[in-house]
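Letter by letter, the chains look like this.
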Amino acid sequence: MYKKSEAVIDIQQISYQYENSPVLNRVSLNVQPGSFLGLVGPNGSGKSTLIKCILGLLKPQAGTIHLFGTDVNHFTKWGKVGYVSQRANRFNAGFPATVFEVVSMGLFGQLGLFRFPKKKDHHRVYEALETVGMSAYAKQSIGRLSGGQQQRVFIARALVSEPELLILDEPTVGVDANSARHFYDLLGNLNQFHGLTLLLVSHDVGTMTRYVSDVACLNQTLHFHGSTRDFEANKDLSALYGYDVQHVIHEHEEMAR
Amino acid sequence: MIDVFFQYDFLRNALFSGMLIGLVAPLLGVFLVVKRMSLVADALSHITLTGIAFHFLLATVFVGLAGVDPLYMGMAFAIIGALFIDQLRKIYSHFKELAIPIILSAGVGLGVVFISIADGFNTDLFAYLFGSVAAVGQTDFYMITIVSLLVGALLILFYKEWFFLSFDEEQAKVSGLSGKWLDLIFTVLVALVIAAAMRIVGILLVSALMALPVAAAMQWAKSFKQMFFYSAVFGEIAVLAGIILGFYLDLAPGGVIVVAAVLILLLSIFLQKLNRKSFQTKYAEPDAG
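If you read the protein sequences in the order shown, they are chains A and B. Read in order, the letters of the first sequence are residues 1 to 257 in the numbering used here. Read in order, the letters of the second sequence are residues 1001 to 1289 in the numbering used here.
Quick caveat, the hints were computed from the structure, so don't treat them as lab data. Certain hints may be false.
To be verified - In silico BS3-like cross-links for lysine-lysine, where the CA-CA straight-line distance does not exceed 25 Å:
| # | chain 1 | residue 1 | chain 2 | residue 2 |
| --- | --- | --- | --- | --- |
| 1 | B | K1035 | B | K1180 |
| 2 | A | K120 | A | K77 |
| 3 | B | K1180 | A | K52 |
| 4 | B | K1180 | B | K1090 |
| 5 | B | K1096 | A | K59 |
| 6 | A | K52 | B | K1090 |
| 7 | B | K1173 | A | K52 |
| 8 | B | K1225 | A | K118 |
| 9 | A | K80 | B | K1173 |
| 10 | A | K118 | A | K139 |
| 11 | B | K1035 | B | K1225 |
To be verified - Chain A is nowhere near these chain B residues, computed Cβ spacing over 10 Å in every case:
| # | residue |
| --- | --- |
| 12 | R1012 |
| 13 | F1084 |
| 14 | Y1092 |
| 15 | V1113 |
| 16 | G1152 |
Backbone N, C-alpha and C fix where the C-beta goes; we use that ideal spot for every residue, glycine too.
Model the full structure from these sequences, guided by the hints.
Structure (structure tokens):
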């Protein structure tokens, strides 16, 4: 448990480098309970690396990370943290699993070894699917859904363990604009009505700033961390990060062709 | 026609052993296939051959070994091979499939060297290559039973972990599931089943029993759980057809088992194509999703 005043994520002066190229340089970031933080930055700015450090998948060479007041190296309550990765929409589409089966994976970590999902866990899976509006698709193959629907299913999987923090890494890549808008509405609801703390990494600054309460700009070091209003008021900053975004998306489209 | 299998001990052993293998090999195969590791079975079967050859080589020096089942040496080699594959997949983490040709060719190369030193092929070895009903003894049957029970128990215990890890390794790790030793246990199980299965199917064909029924099951299954059901059913049909027809027509059972599995696969693909076609004509406008 954490006190209300205690940060959900508390990052102090972390640095990370792959071989000899530094990716994160003395980054400090603090995420308060109930906030909706958008993390922006150009390609290669270290956004995904930062997320992986927070999740304990990578160990920074310097600095500390605390989740709910516990050092990430000793953190065990991963059920409190939901994660939807960039790779979620690049999974093997032919994988023979139903939507129900995929969402129930979200319970496995919490259940632990040698324990099996029970009836009440099945209810939780349906509840999570209900929250994202996908319960009608429970018995469908995951590979047959559209990109936007799949992303909702992966949110449901992250929600099923009833996390207090949800981390999303580029969740709308490869999702059409309409689905992306619905998706952001869903995130906004989860934040406002379910009190979920959200950390969202996105290129799509324009859409994102309409929903998030705070913005953090990362490019190896943290350039800005403050309210969305302050971010938009700072014309230089929003122009800089906004420009980069369009540039990056353009590049992606070129590569796709 | 099947009564004869219950009149003779060796046929009964072969039939029951085959049915066990026909069940557990495809069950493990489901995970191998979805992890895109179906060729690992091939590599491990070849390293099992190396173990068998090593046994025959040792037997020429230590006469006492002649009475010992070469299978145990094969099993030991398969497990060592599994550990090597595990290490190689870590060393070449961006080219994980490289582990397979390395272990496969190392196994065959070393095996051929052992066989040459032991002074050439003998008929025993042929039975190991392509399987033989007559080769299954009482102790083999016990060994296969133990391996099958072990596989069955571990599949139930670690089902959810293996399912999550094969679907999305990164997410599974974030959820607190440790991949390392679960991967290792799995590869060792595959090694054990391959060694156990080779009496009947033969080394060269054992990997087929882990891939073909699963490929056919993919045509039918609507969920991951159903994959196991269909794979097991198809595996059983193939093994029964192989052992019974193999015995009556005097054919190597391994060959008949694989041919039966191929026929099941082709039939599955054909029927599903037909299914989709009739679905499309029924609903003139096919679903875009």
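Checked hints:
1. Proposed proximity of K1035/B and K1180/B is supported: the alpha carbons are some 15 Å apart, at most 25 Å.
2. Among the hinted pairs, K120/A with K77/A is consistent with the structure: their alpha-carbon atoms are about 20 Å apart, no more than 25 Å.
3. As the CA atoms of K1180/B and K52/A are separated by approximately 18 Å, the hinted pair is consistent with the 25 Å bound.
4. Under the criterion of a C-alpha separation no larger than 25 Å, the hint pairing K1180/B with K1090/B is consistent with the structure, at around 10 Å.
5. The suggested pairing of K1096/B with K59/A holds, with an alpha-carbon distance near 23 Å, which does not exceed 25 Å.
6. For the suggested pair K52/A and K1090/B, the alpha carbons sit about 19 Å apart, so the restraint of at most 25 Å is met.
7. Taking the CA atoms of K1173/B and K52/A, the gap is near 11 Å; set against the 25 Å cutoff, the hint holds.
8. For the hint pairing K1225/B with K118/A, the CA-to-CA distance comes to about 16 Å; that is within 25 Å, so the pair holds.
9. With a CA separation close to 14 Å, the supplied pair K80/A and K1173/B stays within the 25 Å bound.
10. Restraint check: the Cα-Cα separation between K118/A and K139/A comes to about 18 Å, which is no more than 25 Å; the hinted pair holds.
11. Of the pairs offered as hints, the one joining K1035/B and K1225/B holds, with about 16 Å between alpha carbons and a cut-off of 25 Å not exceeded.
12. Non-interface status of R1012/B relative to chain A is upheld: no Cβ of that chain comes within 10 Å, the nearest being about 35 Å off.
13. Its beta-carbon lying about 26 Å from the closest one in chain A, F1084/B satisfies the requirement of being farther than 10 Å from that chain.
14. The Cβ of Y1092/B sits about 17 Å from the closest Cβ of chain A, beyond the 10 Å cut-off, so the non-interface label holds.
15. No beta-carbon of chain A comes within 10 Å of the beta-carbon of V1113/B; the shortest separation is about 39 Å.
16. For G1152/B, the condition that its CB be more than 10 Å from all CB atoms of chain A holds, with the nearest at approximately 15 Å.
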